Amino acid sequence: MSDVYVVGIDMIKFGRFPEKTVPQLGAKAALMALDDADLAIQDMQALYCGNLGQASAMVGQRILQEIGQTGICVVNCANACATGATAFREAWMSIKAGVYDVVLAVGVEQMGKGLLGGAGGAKGISKEGLLGSSTMPAVFAEAGMEHTRQHGTTFEQFAKVSVKNHHHSTLNPKAMYQIETPLETVMNAEMISYPNTKLMCSVNVDGAAAAVLVSEKKAKELGMQRAVRVKASVLTSDPYTNRDLVMPDVNAVTRRAAKEAYEMASLGPEDIDLVELHDCFATAEILHYENLGLCKDGEAGRLIDEGEVALGGRVPVNVSGGLLSKGHPLGATGIANIYEVSTHLRAEAEKRQVEGAKIGMTHVIGLGSACGIHILEKVV
Amino acid sequence: MSESEQAAKGPLPVVSWLKGIDTDDPFLEGHKCGACGAVFLGEREVCSSCGTRNQMNAVRLPNKGRLYSYSIVHRSFPGVEVPYISAIVDLDDGGTVKGNLINIEPDPANISFDMPVEVVFGDALGRKDRDGNSYIAYFFQPAT
Chain U
1 MSDVYVVGID
11 MIKFGRFPEK
21 TVPQLGAKAA
31 LMALDDADLA
41 IQDMQALYCG
51 NLGQASAMVG
61 QRILQEIGQT
71 GICVVNCANA
81 CATGATAFRE
91 AWMSIKAGVY
101 DVVLAVGVEQ
111 MGKGLLGGAG
121 GAKGISKEGL
131 LGSSTMPAVF
141 AEAGMEHTRQ
151 HGTTFEQFAK
161 VSVKNHHHST
171 LNPKAMYQIE
181 TPLETVMNAE
191 MISYPNTKLM
201 CSVNVDGAAA
211 AVLVSEKKAK
221 ELGMQRAVRV
231 KASVLTSDPY
241 TNRDLVMPDV
251 NAVTRRAAKE
261 AYEMASLGPE
271 DIDLVELHDC
281 FATAEILHYE
291 NLGLCKDGEA
301 GRLIDEGEVA
311 LGGRVPVNVS
321 GGLLSKGHPL
331 GATGIANIYE
341 VSTHLRAEAE
351 KRQVEGAKIG
361 MTHVIGLGSA
371 CGIHILEKVV
Chain B
1 MSESEQAAKG
11 PLPVVSWLKG
21 IDTDDPFLEG
31 HKCGACGAVF
41 LGEREVCSSC
51 GTRNQMNAVR
61 LPNKGRLYSY
71 SIVHRSFPGV
81 EVPYISAIVD
91 LDDGGTVKGN
101 LINIEPDPAN
111 ISFDMPVEVV
121 FGDALGRKDR
131 DGNSYIAYFF
141 QPAT
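Here the protein sequences come in this chain order: U and B. Residue numbering for the first sequence follows our numbering, starting at 1 and increasing by one per position. Residue numbering for the second sequence follows our numbering, starting at 1 and increasing by one per position.
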């Protein structure tokens, strides 16, 4: 089977664009990725599109209606917050299968403001605040408190994740925010769901990201200079664990995906130079240091305390600013984090560049649950 | 059905697996896999832990358990009274349930992992559906 390469990738600056439509945002990112690859829409053999909010509204086709109706295969994907990674992986798989040599993957989302989750069903009465909480801040707070129970992780340690990622975002012009948030500011921000304050919740923004994926044959033809090799592409669903159906187990689904990804890439955690992981809430990031094998179980608190996961540390995590500060447009996130890692592997990340980065990892979680992991490698 | 007719019928259970309201003996019902012992809330025919079919048996879940994890919710949807404690409780003999932990100050200093709790039943905070039906819900409180 052919290796798969990313030869063009980009994202729009995340923000709020109520005057634009979802296809318009996706189209903009698609054109940017095509330009980055120095290719045209006529060169694309298929489009894999990820969007959640309009999952039944043919967003991929409507993107082509904006930028070129070439009649190619279009697949629309929805997989909660793993939507973008799923679209990317479908594109990767089509090349792996030998069906296509050049395909486009787009992730796009337009978000409202406010709390996600907890809407409940139409039948009966609302269960929110009656049978606990189903809002995302509470669900991920409960997951974080499980780590507190097991390892004594503190509110302050969770808050430090947010300090770090907001700091990183000051170096990323495409992030929604570029604002420093000192520890006391994070801890004293409005409490949403203890231990997650408002500054420890990801930002609802509009965004889009796109990538051009090609076969080895095509990559050699186009030139490998800025190509990024996809060393592993993995998607898992939540395996049965005792509490998963009541308290979504984001750990088991991630650990399974990480194990598969390292095996597929013939690499280990020690080989990873940077990670973009799913910091939908500050509590979540702490869990994933251990789930992805960046440290042993119980060491995540030390990792954040000692700066090992900050830019300049042993394994920088979320140097883009992460979902906490770059923003989290659900369907775009999984491709935007591949853009971030690719930019470092291409040594084009400027002020936030992880020096000498050769191998990077991306990770997303779609609650319900899906986990997407990609391992990317510098080619030249 | 008019509101008065429903009132005569009495309140409804907030979830299908809250049983025994009619006989004034409310309890939570689980379904336990005869093959692997996994406990689920709500009826099902196949076990998602081991895949065994048609060995699900209804079991009365105990009213005692321990706090596994929690969050103190300060921001919720409009009309929901805050703060409150969203609690994950492991019931004795298996089964995990999420619910409000009540009759305790919503302050992390007062809450400890594995603290014993009991299941209590009562009106669903005055909430009614569009037909005017009232509901019985379950809550957790520190064990007495």
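Since the hints were made in silico from the structure, they are not lab data. Fair warning: this is a prediction, and the values are worked out from it, not measured in the lab. Treat the hints with care, since some could be wrong.
[To be verified] No more than 25 angstroms apart at the CA atoms, straight line, and that leaves these computed lysine to any residue pairs for SDA-like:
1) B:K64 / U:S266
2) B:K19 / U:L245
3) B:K9 / U:Q54
4) U:K123 / B:K19
5) U:K123 / U:Q54
6) U:K123 / B:R75
7) U:K123 / B:A58
8) B:K32 / B:N103
9) U:K217 / U:T148
10) B:K32 / U:V246
11) U:K123 / B:P142
12) B:K128 / B:L91
13) U:K259 / B:L91
14) B:K128 / B:Q141
15) B:K19 / B:S112
[Said to hold, decoys possible] So, partial list: chain U residues that the calculated Cβ filter (under 10 angstroms) puts toward chain B:
16) C73
17) V74
18) K113
19) L171
20) L183
21) M187
All C-beta atoms, glycine included, are put in the ideal place defined by N, C-alpha and C.
Using the nearest Cβ pair, does V74 of chain U come within less than 10 angstroms of chain B?
33 angstroms, violated
Holds or violated: is the Cβ of L183 of chain U closer than 10 angstroms to a Cβ in chain B?
18 angstroms, violated
Take the C-alpha atoms of K123 of chain U and R75 of chain B, compute the straight-line distance between them, and say whether it is at most 25 angstroms.
24 angstroms, holds
Cut-off 10 angstroms, beta-carbon criterion: hint that L171 of chain U touches chain B
30 angstroms, violated
Would the hint linking K123 of chain U and A58 of chain B be met if the CA-CA limit is 25 angstroms?
24 angstroms, holds
Status of the C73 of chain U interface restraint (C-beta, 10 angstroms, chain B)
Result: violated, 34 angstroms to nearest chain B Cβ.
Take a quick look at whether K217 of chain U and T148 of chain U sit within 25 angstroms of each other, Cα to Cα.
At roughly 50 angstroms apart (the allowed maximum being 25 angstroms), T148 of chain U and K217 of chain U break the hint.
Given the hinted pair K128 of chain B and L91 of chain B, is their alpha-carbon gap at most 25 angstroms?
28 angstroms, violated
Given the hinted pair K32 of chain B and N103 of chain B, is their alpha-carbon gap at most 25 angstroms?
Roughly 30 angstroms between the alpha carbons, so the hint for K32 of chain B and N103 of chain B is violated.
Would the pair K123 of chain U and Q54 of chain U pass a check requiring their Cα atoms to be no farther apart than 25 angstroms?
Satisfied, since the Cα-Cα distance of roughly 23 angstroms is no more than 25 angstroms.
Given the hinted pair K19 of chain B and L245 of chain U, is their alpha-carbon gap at most 25 angstroms?
20 angstroms, holds
Next item in the hint list is K113 of chain U. Is there a CB on chain B closer than 10 angstroms to its CB?
Violated, because the Cβ-Cβ distance from K113 of chain U to chain B comes to roughly 13 angstroms (cut-off 10 angstroms).
The earlier numbered hints that this structure contradicts are 1, 3, 8, 9, 11, 12, 13, 15, 16, 17, 18, 19, 20, 21.
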